[in-house]
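Number of protein chains: 2
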Amino acid sequence: MKRILVKNLYNEVNNEVCIKGWVHKIRKLSKVSFLILRDRTGLIQCVVDNNVDIKDIKLESVIEIVGKVVEGKNKISNVEIQVEELRVISKVQEELPIEVNKEELDVNLETILDHRVLSLRHEKINSIFKIQSIIAQGFREYLINEGFTEMFTPKIVSEGAEGGTAIFKVKYFEREAYLAQSPQFYKQMMVGAGYERVFEIAHVYRAEEHNTSRHLNEYVSMDLEMGFIEDEREIMKLETGILKHIMLKLTNECKDLLDTCHIELPKIKETIPSITFSQAINILEKEYGKLCEEGDLDPQGEKLICKYAEEKLGSEFLFITDYPRKKRPMYTMPKDKEFTHSFDLLFRGLEITTGGQRIHEHSMLKENMIYKGLNPDNFTAYMEVFKYGMPPHGGLAIGLERLTSQILGLKNVREASLFPRDRTRILP
Amino acid sequence: MKRILVKNLYNEVNNEVCIKGWVHKIRKLSKVSFLILRDRTGLIQCVVDNNVDIKDIKLESVIEIVGKVVEGKNKISNVEIQVEELRVISKVQEELPIEVNKEELDVNLETILDHRVLSLRHEKINSIFKIQSIIAQGFREYLINEGFTEMFTPKIVSEGAEGGTAIFKVKYFEREAYLAQSPQFYKQMMVGAGYERVFEIAHVYRAEEHNTSRHLNEYVSMDLEMGFIEDEREIMKLETGILKHIMLKLTNECKDLLDTCHIELPKIKETIPSITFSQAINILEKEYGKLCEEGDLDPQGEKLICKYAEEKLGSEFLFITDYPRKKRPMYTMPKDKEFTHSFDLLFRGLEITTGGQRIHEHSMLKENMIYKGLNPDNFTAYMEVFKYGMPPHGGLAIGLERLTSQILGLKNVREASLFPRDRTRILP
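Chains A and B supply the protein sequences, listed in that same order.
For the first sequence, this note's numbering assigns the number 419 to the initial residue and increments by one for each residue that follows.
For the second sequence, this note's numbering assigns the number 419 to the initial residue and increments by one for each residue that follows.
Careful: at least some of the hints might be erroneous.
Claimed, not checked - With a straight-line cut-off of 20 Å between C-alpha atoms, the simulated EDC-like cross-links for lysine to aspartate or glutamate are: (1) Lys753(B) with Glu729(B); (2) Lys685(A) with Asp674(A); (3) Lys704(A) with Glu688(A); (4) Lys687(B) with Glu626(B); (5) Lys589(B) with Glu580(A); (6) Lys829(B) with Glu522(B); (7) Lys587(A) with Asp840(B); (8) Lys805(A) with Asp474(B); (9) Lys730(A) with Glu779(A); (10) Lys509(B) with Glu712(A); (11) Lys509(B) with Glu592(A); (12) Lys725(B) with Glu703(B); (13) Lys491(A) with Glu580(A); (14) Lys805(B) with Glu568(A); (15) Lys420(A) with Asp649(B); (16) Lys755(A) with Glu785(A); (17) Lys587(B) with Glu592(A); (18) Lys589(A) with Asp754(B); (19) Lys425(B) with Glu729(B); (20) Lys805(B) with Glu785(B); (21) Lys587(B) with Glu779(A); (22) Lys589(A) with Glu522(B); (23) Lys509(B) with Glu564(B); (24) Lys805(A) with Glu517(B); (25) Lys744(A) with Glu769(A); (26) Lys667(B) with Asp467(A); (27) Lys425(A) with Glu564(B); (28) Lys667(B) with Glu580(A); (29) Lys805(A) with Glu564(B); (30) Lys587(A) with Glu626(B); (31) Lys476(A) with Glu503(A); (32) Lys587(A) with Glu592(B); (33) Lys509(A) with Glu785(B); (34) Lys425(B) with Glu517(A); (35) Lys587(A) with Asp649(B); (36) Lys589(A) with Asp677(B); (37) Lys443(A) with Asp474(A); (38) Lys784(B) with Glu564(A); (39) Lys667(A) with Glu729(B); (40) Lys755(A) with Glu712(A).
Rather than coming from a laboratory, the hints here were simulated on the basis of the structure.
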């Protein structure tokens, strides 16, 4: 007998059907029992006569039920199942370490992550990753429509793209290699290879020692790069379009999931407000008495400037532009001596994007490497493209877990990573 | 002035336009010169009067042209540009190491890969990766439509999934970790977490020492896993649907690119023929006098059995099923004592997919680990899910570079990898 998904049962009133899924709840009364079955599409109440023996069935077992669909108002749905046969497909063998059928999963994050497979069965936690998959698809859809080509670039690399020491080493046969901190070099190379517009959604690796609620050592980066731009403003405009498309897609495809998580999506203005880095520093000092360390917005600074943007500029998103050269990587296009053609996008108190225009002239790139204390000889493979005709270009990267986390109001970016990797965790 | 893409110029006859791109070819005559400009959408002939000085413009420079679109039959298009202004955006500074404007790029693979950014500008090589991106999108589209959820699982892992020693080590802070050989454990865990149907397109890592035309040490794996199946036949049926959808999408969206590469797409039968592993071994011996080492089809065996499938079964695709237990990983569902519920898919002489039903019972999994000489204590995080209700399930993985390579008739799988990683290459 063919399995019917829970979401399609309303179509089967008075029919005999077969359903399969996990035992979500059992409530025993004197004459009947109510068993709630869960599949990937939802919950359904099943009425079990006492002539069917269910006393050995534990919560979260996988079962198959054959029964008749009848109309019946209950809290979950307008239909229910009168059980005729019930078969256990896979038994639960041990006491469940967490209770996944509660409205709120009242355990700490470490326990949630230790028992990831079980915690993912909880409705609200399950929804996070269905929503995340829609976000990623929205990013792709929008860019494909704008003439971008999807690419797959190596994560085992011989050069670090972002500088610094935060790079994982890999033993690559006789040699040492690294895990890519970003696809930066490759996406620029692909622009120069004639694709002009490219994107990639893939893992990147940062061997940062600190354990914070905002960082992961392995995360999913939604990267794009675009040729023949005037300056970074075009990239910012493109990002505005991407985010609008993602919100529209979430509205259209995830209404139930968003309701489950009590989420209101952010509104995005026609043009997202934008202030320069220097303005941001001034505003923080004047409005909030907050002093920032030279050339950087710390987490508290990001929160306060977002508060300012929401209250004074009416936007949950804020672009900050014109970052100082000292604080941006060597490939960033300078803007006069001190600043750069670069931007960050902050959303609800957190940086979710770094982007900007890149240097496309070989000699300028070489000079900027030296300015940043780097040796151009270490970047020969990357630099080749700049000798053979490279258009002006720029791009950005959006952290998928951060964007998910901020949309859903999660407290820790780990909650938006299926199996997070941090300073101490590589399991499960 | 707004840039117009080459593909849209037919719409602009008699208008003044701005186009940007690379200098593909220059032919100088006594009174005029012909310059062919290339952008991401195609080639266009530009007619340059001798009053515009182009003697210093080298091939592959990036230029901007303002001019009038006129009708004019030439080999490339029905329109051409009468150049009014020409500006060099980015100069070529060195002699080009390869000639990218030839019909065939007559250099060896090492040179192609050494100068990857330039070789990618060659029309035929460029097309490979546009086609590859459509293949990946076709895989996703079909599965999303079938109720699958896209997932992003970690590539830094603490346990090897595929067994053997072919695993790269990463220094993970104070500890040792590995690069994932496949998302196998995670996709099974996600089925058990209630998503039931999941897929991922991401890199996997195999530290295999041999350098062959069929292997990469880092490749893109298109993975899926599906719960509540009867047996591996459902997965084979799903794969047939995926491949048909990919071919249809290529036909609809890549006709020009396929013509450029002189490619005829394979026809896929309603049901792809299927033979057991034992039958394959017998056929090879009887028909071709080919003896296989116990329990394996070697590359020559794969080629011959595909020849057989094409000639006798009328199909370029062939499923081989019922592989011996000895040759399949520990998570494979056994079928009696000797064989398994597993399959490979061969296409034009090469294995492009491995798949099958997996074990979903904790005790059977434990026994099978011991049978395979593994210690179950090393897999505790993976095994947890099997204690708490796990449906019958199965899945497969398609190598993206191999599928691309076989569709396009490439000789070496490296040709279908943007920046391949092999025994000796980690650059560019």
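Status of the hints after comparison with the structure:
no.: 1; hint: Lys753(B) with Glu729(B); in the structure: 30 Å, violated
no.: 2; hint: Lys685(A) with Asp674(A); in the structure: 19 Å, holds
no.: 3; hint: Lys704(A) with Glu688(A); in the structure: 28 Å, violated
no.: 4; hint: Lys687(B) with Glu626(B); in the structure: 35 Å, violated
no.: 5; hint: Lys589(B) with Glu580(A); in the structure: 19 Å, holds
no.: 6; hint: Lys829(B) with Glu522(B); in the structure: 15 Å, holds
no.: 7; hint: Lys587(A) with Asp840(B); in the structure: 17 Å, holds
no.: 8; hint: Lys805(A) with Asp474(B); in the structure: 16 Å, holds
no.: 9; hint: Lys730(A) with Glu779(A); in the structure: 40 Å, violated
no.: 10; hint: Lys509(B) with Glu712(A); in the structure: 38 Å, violated
no.: 11; hint: Lys509(B) with Glu592(A); in the structure: 39 Å, violated
no.: 12; hint: Lys725(B) with Glu703(B); in the structure: 14 Å, holds
no.: 13; hint: Lys491(A) with Glu580(A); in the structure: 58 Å, violated
no.: 14; hint: Lys805(B) with Glu568(A); in the structure: 39 Å, violated
no.: 15; hint: Lys420(A) with Asp649(B); in the structure: 14 Å, holds
no.: 16; hint: Lys755(A) with Glu785(A); in the structure: 13 Å, holds
no.: 17; hint: Lys587(B) with Glu592(A); in the structure: 12 Å, holds
no.: 18; hint: Lys589(A) with Asp754(B); in the structure: 41 Å, violated
no.: 19; hint: Lys425(B) with Glu729(B); in the structure: 42 Å, violated
no.: 20; hint: Lys805(B) with Glu785(B); in the structure: 15 Å, holds
no.: 21; hint: Lys587(B) with Glu779(A); in the structure: 37 Å, violated
no.: 22; hint: Lys589(A) with Glu522(B); in the structure: 38 Å, violated
no.: 23; hint: Lys509(B) with Glu564(B); in the structure: 50 Å, violated
no.: 24; hint: Lys805(A) with Glu517(B); in the structure: 15 Å, holds
no.: 25; hint: Lys744(A) with Glu769(A); in the structure: 19 Å, holds
no.: 26; hint: Lys667(B) with Asp467(A); in the structure: 51 Å, violated
no.: 27; hint: Lys425(A) with Glu564(B); in the structure: 14 Å, holds
no.: 28; hint: Lys667(B) with Glu580(A); in the structure: 37 Å, violated
no.: 29; hint: Lys805(A) with Glu564(B); in the structure: 47 Å, violated
no.: 30; hint: Lys587(A) with Glu626(B); in the structure: 19 Å, holds
no.: 31; hint: Lys476(A) with Glu503(A); in the structure: 17 Å, holds
no.: 32; hint: Lys587(A) with Glu592(B); in the structure: 12 Å, holds
no.: 33; hint: Lys509(A) with Glu785(B); in the structure: 18 Å, holds
no.: 34; hint: Lys425(B) with Glu517(A); in the structure: 58 Å, violated
no.: 35; hint: Lys587(A) with Asp649(B); in the structure: 41 Å, violated
no.: 36; hint: Lys589(A) with Asp677(B); in the structure: 42 Å, violated
no.: 37; hint: Lys443(A) with Asp474(A); in the structure: 14 Å, holds
no.: 38; hint: Lys784(B) with Glu564(A); in the structure: 50 Å, violated
no.: 39; hint: Lys667(A) with Glu729(B); in the structure: 48 Å, violated
no.: 40; hint: Lys755(A) with Glu712(A); in the structure: 16 Å, holds
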